[in-house]
Amino acid sequence: MSAILVLDDSATMVMSLSRILKNAGFEVETGANGREGVAKLAAGLKPAVILTDLNMPQMDGIAFIKEARKTAATRFTPIIVLTTESGGSKRDEARAAGASGWLTKPTEPALLLSTLKQLLPSK
Amino acid sequence: MRIAADTEDRLVCAVLAAQVAALRDHIEGNSAVEMLWHATDVLSLLSGLVDELVGNNATLGDPALVARCATALAAQAEVGRSVETLALGQSQHQDLARQMADCVVVGLQSLAAEDGGLSARDLSALYVCEDQRRIHDSVARQFRAAGRRP
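Line order of the protein sequences matches chains R and P.
Here the working numbering is used: position 17 in the first sequence is 17, and no number is missing along the way.
Here the working numbering is used: position 120 in the second sequence is 243, and no number is missing along the way.
Isolated chain P (complex conformation):
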């Protein structure tokens, strides 16, 4: 069943589309990932300095300091890998959230259009992941259980 909205509904849909679009742009503009990559740069810089310190003190014969530096370098490598994993994970979650928000924007814009409309089938064609299809199916089941047409 294709739903066509009246004028007031179309206005509401247009406003909601604009608001979700702003949310989507905010998601993309989030600088947390940039900060994480900056942190990995700083860690690399510090590990380079520690490495130099190891070289200098190895020749000066301070084994205790050399051992501490080796521990610091191992810890840096581990933290660096974790931050890298976190940054990629954060980027992907951000990307998924942005794409899911984009589906809502496109759907609402279709409802807001002058001769627009949207069916459940049109909507499902916009999905970018299985989570969205599961949510769709769950809502459709709830509609059917409540005796409403999906």
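Pulled out of the complex, with its shape left as it was, chain R reads as follows:
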């Protein structure tokens, strides 16, 4: 079963994303900001895909992506940004940091799952 790491500072968003992903058959690990995400990766978590918000306290999504790309285990892991931001400059910044995909809130479960499945490594 593929594990997805979900990072969002909204407890409600984490709850909803976790439920949708678990219902779709994924294992889910969560964190409230980039720092918690980095700690999970440092503890040995090897997610198949990472789903991260951009605007988070302590460590934002861009800083997290940069850190994840420095880690050997997640250098090539697909990272999807899920954010309220639709602006081009933020998107360019995320892409430059190493983001693989972008979803603007509000999104729907079907689009979220199809985006994840497209990025999941084929077995």
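Just so you know, these hints were derived from the structure itself, not from any lab.
A quick note: this is a predicted structure, and the numbers were derived from the prediction, not measured.
Be careful, since some hints might not be right.
What the hints assert, rightly or not - A few chain R residues facing chain P, derived, Cβ under 8 angstroms:
no., residue
1, S10
2, R19
3, T84
4, E108
5, K117
As the list claims (entries may be wrong) - Label pairs and their calculated CB-CB ranges:
no., chain 1, residue 1, chain 2, residue 2, range
6, R, P57, P, R204, 29 to 35 angstroms
7, R, S2, P, G184, 39 to 45 angstroms
8, R, L45, P, L134, 46 to 52 angstroms
9, R, A72, P, T208, 53 to 59 angstroms
Even glycine gets a Cβ: it sits at the ideal position worked out from N, Cα and C.
Dock chain P against chain R, hints included.
Just chain P now, with coordinates in the frame of chain R:
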């Protein structure tokens, strides 16, 4: 232009910041999403029971009941998907409202600080979505049209 507030203004800004912060926390604490997910759990539980009923009655030979159960299961699946979409949509709207409220809190706290202040540029750096930038631009245009400095 950076706006610095006097003592009375700073008090008003501090009070407003605290009130918007309370509103922001209220938004995050809303249990509607939790209730929606609880509803999906109950629907799944009921569909499991109906599924069992189908199995039992299929062997007992009651085709009419089996057909009704199949209709109920199809309806449950459709309603379940709708509730899931609603719960995610509600979570995202809640998240956006919380973040927009947070921008107002940070802005007002900056104005309330002893040696604080805030420019339109500082404010726009806090934005988290295009809606906020559109509102900002619209207000700036209204200011210019009224002959006031933005």
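Each hint tested on the structure:
| no. | hint | verdict |
| --- | --- | --- |
| 1 | S10 | holds (4 angstroms) |
| 2 | R19 | holds (6 angstroms) |
| 3 | T84 | holds (4 angstroms) |
| 4 | E108 | holds (6 angstroms) |
| 5 | K117 | violated (17 angstroms) |
| 6 | R:P57 with P:R204: 29 to 35 angstroms | holds (33 angstroms) |
| 7 | R:S2 with P:G184: 39 to 45 angstroms | holds (43 angstroms) |
| 8 | R:L45 with P:L134: 46 to 52 angstroms | holds (47 angstroms) |
| 9 | R:A72 with P:T208: 53 to 59 angstroms | violated (38 angstroms) |
Hint compliance for this structure: hints 5, 9 are broken, all remaining hints hold.
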